[in-house]
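Colleague: These are the residues of each chain, in order.
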Amino acid sequence: MNFTPPSIDYFAISPMIVIFAAAVVSVLVEAFAPRSTRRFLQLLLVFGALITSLVLIILNASTRTLTAGGSVAIDGPALLFQGSIVILAILGVGLMAERSIDPVGDAFASRVSALPGSEEERQFTQRGYLQTEVWPLTLFAVLGMLLFVSANDLLLMFVALEVISLPLYLMTGMARRRRLISQEAALKYFLLGVFASAFFLYGAALVYGYSGSINFSEIAQTISSKPSESIILLIGIGMLMVGPLFKIGAVPFHQWVPDVYQGAPTPVVGFMAATVKIAAFGALLRLLYVAFGGVRWDWEPIIWIVASASMILGSILALVQTDIKRLLGYSWIAQAGFILVGLAAASPAGLQSTKFYVISYGFATVGTFAVVSMVRDSNGEATNLAAWAGLGRKSPIVAAALSIFLLGLAGIPLTSGFVSKFLVFVAAVEAGAAWLVIIGVVASLIAAFFYVRVIVIMFFSKPTEQTAVVAVPSAFTTVALAASVAVTVILGVMPQPVLDLLTNADVFIR
Amino acid sequence: MSAFPWLTTLGVLPLLGSIVVALLPSSKPLLAKQVALAVSFVVLGGTIAMALQFNGSSTEPFQFVESYPWIPALGISYSVGVDGIGLVLVALAATLVPVTILAGWRDIEEDQEAGGSVKGYFALILVLEALMIGVFVATDVFLFYVFFEVMLVPIYFMIGKYGGPQRSYAAVKFLLFSLLGGLFMLAAMVGLYVVSARQLGTGTFDFLTLVNLDIDPNTQKMLFLGFFFAFAIKAPLWPFHTWLPDAAAQGKPGTSVLLIGVLDKVGTFGMIRYLLPIFPAASDFYAPVVIGMALIGIFYGAYIALNAQDMKRLFAYSSMSHFGFITLGIFVFTSSGGTGSVVYMVAHGLSTAALFLTAGFLMSRRRESALISDYGGVNKTAPVLAGFFLFAALSSLALPGLVSFVGEFLVLLGAFERYIWVGALATLGIVITAAYMLRVYQKTMTGPLNPSLDAGGIKMTDLKGREITALVPIAALSIVLGFYPAPLLNVINPAVERTLQFVSVAEVDSSLSSEGSEQ
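Protein chains in written order, with the numbering used here: chain A, 1 to 510; chain B, 511 to 1029.
Treat the hints with care, as some may be off.
[To be verified] Here are the simulated DSSO-like pairs of lysine-lysine, each with C-alpha atoms no more than 27 Å apart in a straight line:
#1 A:K394 to B:K538
#2 B:K890 to B:K953
#3 B:K683 to A:K462
#4 B:K953 to B:K969
Treat the hints as calculated values from the structure; they're not laboratory data. These figures come from a predicted structure and were not determined experimentally.
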């Protein structure tokens, strides 16, 4: 039997190769470089790889190709998602590299393997060691995301899902302070995540059984050539959707979200909340639009239900939160619902609105968590909202920046959040799902209440003794914060150039 | 006509002014006020200069038009222009802002410990002015919506940071009510966009294009509700009014003036500008319901005002009653009703300003108490204050010779032309207005001096020069326009007539009105 290796367009996948190579080197640095030089080398590597990858993505801007035997699709949506993932990763990595906010060091435990509260842990902290294992993990996670959005067959998509997940489980457990919560969150994320992955794999098997192929294009062909629908296909689609929907954190796969948002180191939350969502939506879009576009009448109702449940439940549960990180977690669940409203439209407008929403949300998220990481008291981050009373008077600029993000998330005009919501609603009405818009409007109002509540606490309450202070960050966080504010406002006031860009990157290659 | 971008300039000026004010050092509050006042006068001057060039007999729907693409992918453009209705409301905003700044000169100084800085308040007023002008001149529905929503942010901070003890509650209540309306309007706007996209191929938000769409009546009825909900909350119409008394009672007098005097007019402005022309069939369909709500509002507001213990709440409920009149005038679809409504909007802005400002001056002399029972016999020691208070009350109850009378008379005339019994009922409302307004005057100003007004360091002194300066222009305008309303009517009437052409039942002649009475 002759085996012909598939031809690979190395330039098209070079953005991923660069990240992969850097990740491998990064592991070697961890193993062989002296401790004192590691941080410097790792940061050089991470930023170098991300920026190189971004440049390569831009150089690939007009590439539209299926490569590696049709399992990798480099097309408009893939490049767009890859580009935004890399840009947001750069900002998120900036948050992670921050060292000036916490007087002891960065946001990560000096030695993750040391038991919390043990003598070993105390010694490592005293010596001021900074652990650098987080950097290779970050690179692998980014690699997984880049692959996730361009994966064009079920197996590669599963591999990408795992490459994203495993590093993130670890990174979740790495918080320097409140380590038990952090480790609990990591375990919860891991157990639920593995469960979701298993669903995905089972679904892949069922769809393979139905169509005899794992390739999206071939699955789509089989679907269009078979006259009647098969129950195996429908169950398979449902199970496949669990994987990305879990990563998205949509109801009913949302239980991990508030715990992980609360427990994980804040910079990691900022990084992954922004990037993983883009990756997961990118993958879900390709899966549903390319492979299962022919049976969209079957999966649309599922998305409708998931979207409505996420919007309503996320908003209502966010109302009663007293911890800012948990609040943002639930708020994300609601936002995921809004994005799914656009996705459910299964039209070019739906695609456009989903892309715009998830990208603009990514920037607002990085900025929000940049602010959260800066608000501190003597025990580290002051995430309890009571400690935020009167913050607007003590640090008006930081509080104003957060207010812009919150108003954006609430969907007030002249912010990116408003344009996002608008696009999503237009897509839904055009697709005949006006009732979903009504649910969205009601959920928006509930959501506005808790976003506004944070603004009320910051600006209208008097500072108390508990009120936290805002640490002065280094350039890393400042740049991330400033860039997020700028993008949130510019996308709100002048969305046209980005909309043009999205239109150019509109077509999935099949 | 010159191609000078009047409207953009008028909008940008206060915005720039607010940035300048915000950047001034906090240690110089006086300078911040002076700059804010100067900017507001420049805007007023600009508005007058523009109004003088306005061609009342022009057949163009909008004048001083500017249009630039903004988000062409969604058919959104930056398009502005004014008709007579927009012009008078812009003029109202431009007039009330300097008055408010002048009247609030000292209000904020005493408030610094509550956290808001002096310059912050005046910067917010200027931001608000820019947005108020924007909302009245926008001729793109999307642009209108943006101004409509963003306007909430400065007023939210003005109530929440500078208001009374319950300010945070009032501010959030105000914001949530307004957002609720805004979001339903957003949903309806999306629907309108999709309808336009289906009919024209590409969607648009251009007002003049939208009015020429042929929307089927059932769709109209749904979309109408979304817009109407937002406007009814804003105006506010019964039963969407509950946020108003709280916001008015907690805000500074200046905040209340801008909120009720100008901002709430956006609701009634929206009805006449957007609902009637874009959804004529639905407007006709819902008119009985809206008129019913307006009538209930007239009496409900007046009834509560009759029993109110708190002056600010009394004025808020009285405004609610007046908004009933304004809405009534719009939805009877007669030329005199519509014109009367717009005149009434202006008149109500002026009388509200007079009421809240005199009450504010009064309250500042007695530790900010708004309780009517805390006052009495003020005219003994402060006759000028009492005089202005009486004037404000008379203006509110539409004494002939004042501009509010012109508005109210035209609205009632319009109502009679269409449904006699509606007109008759509404006329009763006037009587109650007279009752509660005179009652509050009598209780606070006449009789023996309330002992608490001359004890514990409280002195009921008369108005000072600055305070009189703020009130005189309002009074003068009310009287001048009351005796000589022609300039106002000439500007407003053509715009109203044009609007009513869309509602096919435009002018009802006398023979029809008797039929209408039997309905």
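Colleague: For every hint, state whether the structure bears it out.
Modeller: Now the hints, each set against the structure:
1. A:K394 to B:K538: holds (20 Å)
2. B:K890 to B:K953: Since the Cα atoms of K890 of chain B and K953 of chain B sit roughly 13 Å apart, the hinted pair holds (cutoff 27 Å).
3. B:K683 to A:K462: holds (20 Å)
4. B:K953 to B:K969: holds (18 Å)
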